[in-house]
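J.: So the sequences go chain by chain: A and B. Read in order, the letters of the first sequence correspond to residues 10 to 319 in the numbering used here. Read in order, the letters of the second sequence correspond to residues 452 to 656 in the numbering used here.
Since the hints were made in silico from the structure, they are not lab data. Only a predicted model underlies this, so the values are computations on that prediction, with no experimental measurement involved. Among the clues, some could well be false.
Straight-line alpha carbon distances no greater than 27 Å define the calculated BS3-like cross-link-like pairs of lysine-lysine that follow [said to hold, decoys possible]:
1) B:Lys482 / A:Lys55
2) A:Lys278 / B:Lys616
3) A:Lys284 / B:Lys595
4) B:Lys478 / A:Lys55
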Amino acid sequence: MFGIAQNSLNGMVGILIILVVSTLIYLYKQNSNKQIDYTELRLRIKSWWWMIAIVFISLTFSLETAIIFFAFLSFLALKEFLSIIQIRHVDRRAIFWVYLAIPVQYYWVSIEWYGMFIIFIPIFLFLFIPIRLVIIGETNGFINSASVIHWAAMLTVFSISHIAYLLTLPIQNELAGNIGPVLFLLFMTQFNDVSQYVFGKLFGKNKIIPKVSPNKTWEGFIGGVITVTLLSGFIAPYLTSLDIFYGFMAGFIISIFGFFGDVVISSVKRDINIKDTGTLIPGHGGILDRLDSILYTAPIFFHFLYYVKY
Amino acid sequence: MKKIIKILFFAIIVRPIVFVILGLNIKNREKLPLKGEAVIAANHNSHLDTMVIMSLYPLSKIDKVRPVAAADYFMKNKFIAWISINCIGIIPLDRSGASSQEELFQSCHEALDNGDILILFPEGSRGVPEQMSRFKKGLYYMIKDRENTPIIPIYMQGLGNSLPKGEALFVPFNCNIDIGNSITSFNNSNDFNQQLKNFFESSMR
Chain A
10 MFGIAQNSLN
20 GMVGILIILV
30 VSTLIYLYKQ
40 NSNKQIDYTE
50 LRLRIKSWWW
60 MIAIVFISLT
70 FSLETAIIFF
80 AFLSFLALKE
90 FLSIIQIRHV
100 DRRAIFWVYL
110 AIPVQYYWVS
120 IEWYGMFIIF
130 IPIFLFLFIP
140 IRLVIIGETN
150 GFINSASVIH
160 WAAMLTVFSI
170 SHIAYLLTLP
180 IQNELAGNIG
190 PVLFLLFMTQ
200 FNDVSQYVFG
210 KLFGKNKIIP
220 KVSPNKTWEG
230 FIGGVITVTL
240 LSGFIAPYLT
250 SLDIFYGFMA
260 GFIISIFGFF
270 GDVVISSVKR
280 DINIKDTGTL
290 IPGHGGILDR
300 LDSILYTAPI
310 FFHFLYYVKY
Chain B
452 MKKIIKILFF
462 AIIVRPIVFV
472 ILGLNIKNRE
482 KLPLKGEAVI
492 AANHNSHLDT
502 MVIMSLYPLS
512 KIDKVRPVAA
522 ADYFMKNKFI
532 AWISINCIGI
542 IPLDRSGASS
552 QEELFQSCHE
562 ALDNGDILIL
572 FPEGSRGVPE
582 QMSRFKKGLY
592 YMIKDRENTP
602 IIPIYMQGLG
612 NSLPKGEALF
622 VPFNCNIDIG
632 NSITSFNNSN
642 DFNQQLKNFF
652 ESSMR
């Protein structure tokens with residue numbers, strides 16, 4: 010059906026079922042106690058429908074639309090990051106080139122030039138941004154600008170482009186197709202967020218990094234790691250070319266680094282004293298609030314898979 | 452016909468740029484006056500300011516929203532004048548000092564009587580990017596005798612980095628917008644400008 014590999018199609022149906030069930034639970038809760046305000050939850054679930062619809066449509070339409078979609082996601086994330094931090098007015102000219110780097114980076118993805126894909130931002134853009142800043146000539150705040158602009162490019166363009174590169178890797182599991190590993194990564198990362206939250210709510214006692222994120226606890230973290238590791242072992246052979254053993258390992262690293270991606274973005278927000286990075290996704294905040302863990306899990310999972318299987 | 456040109460211009464060109472390339476974070480959206488007559492007083496950093504404010508309105512209402520703009524700048528050549536009048540629907544204002552105060556604001560008063568929403572920039576010019584200039588007194592003289600016209604202040608932050616005065620390079624950044632309570636009573640021009648300034652300063656982060 011739709012030319013989608015069977016297991017990936019089943020995976021998407023599974024995600025939609027989870028979404029329908031969550032929506033039904035929300036509707037039931039809202040009807041049974043009308044005094045409580047569920048607006049936030051309603052917005053959250055509504056946004057989930059939108060996000061999942063957009064991701065599924067761009068993934069299934071064609072490889073090109075999927076790559077363009079992730080390029081656009083990089084653009085939104087980069088723009089949001091550069092808009093919340095303090096920049097010097099003159100930096101806009103260097104930032105312009107980082108925006109231009111987005112289509113170039115995704116072009117390397119589309120022609121499957123792995124060598125260029127992996128060095129373009131860490132090396133060429135890394136060297137080029139300070140050159141552009143030198144030509145502008147403002148030395149006051151130079152170090153800060155050169156560092157921040159490159160970090161933004163690494164987080165939002167380099168990291169996210171790994172999801173797109175997963176799509177172009179040669180297919181090893183015919184039943185999962187090329188979108189199987191992407192679905193696996195996205196689902197596991199989001200499921201990890203939810204598990205750590207739920208375990209934290211149920212058993213949370215000992216704060217793990219109170220200065221950065223007062224709501225994160227050891228109990229939530231460990232509960233999430235165990236759940237995601239176990240579940241990954243069973244889902245990975247279905248959606249990726251990994252076997253059950255490597256599936257456990259993939260889940261383990263996704264869970265650990267998903268946590269760190271989350272708290273890295275939390276630290277950014279603490280530093281500049283904001284609660285959300287934007288208002289683009291109602292009920293969730295900005296695009297970086299939603300992508301935080303994926304910024305870490307995408308490159309980590311990609312290179313794990315690449316090392317083990319390619 | 453003019454209305455159709457304006458709607459198409461905003462639907463096809465302006466709104467995609469404002470909502471997709473720039474992106475807005477809007478605070479207090481419910482305070483935006485959807486019906487005229489009303490005056491919007493905003494800070495001015497970029498040509499994008501007008502486009503962003505007008506994009507807050509649904510396309511069906513866009514022909515009622517009219518920026519008041521300097522005739523010497525926006526009417527200086529035929530091409531820009533055609534765009535200004537037909538696509539944006541500006542009310543040209545003569546800054547040369549040649550016309551009397553009554554003549555100067557006549558078309559503004561006509562538009563307000565007609566139920567339009569006017570956009571004015573009390574700073575007069577876009578000035579230094581992302582910095583507030585001193586307010587001019589023109590807006591005060593225009594509205595001091597119109598007791599029923601609400602004046603709604605809007606503060607925008609970020610557009611001075613996207614497209615500052617004197618630069619052609621457009622760089623996307625999110626724009627933060629804060630809409631204030633309408634200013635209803637004031638004693639004199641200083642008092643009026645002070646109320647505006649207080650709102651702008653409270654909106655700055």
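J.: Confirm or reject each hint.
T.: Each hint tested on the structure:
Taking the CA atoms of Lys482 of chain B and Lys55 of chain A, the gap is near 25 Å; set against the 27 Å cutoff, the hint holds. Using a Cα cut-off of 27 Å, the hinted pair Lys278 of chain A and Lys616 of chain B is violated, with the two alpha carbons roughly 31 Å apart. Between Lys284 of chain A and Lys595 of chain B the alpha-carbon distance is near 40 Å, which puts this suggested pair outside the 27 Å criterion. Using a Cα cut-off of 27 Å, the hinted pair Lys478 of chain B and Lys55 of chain A holds, with the two alpha carbons roughly 21 Å apart.
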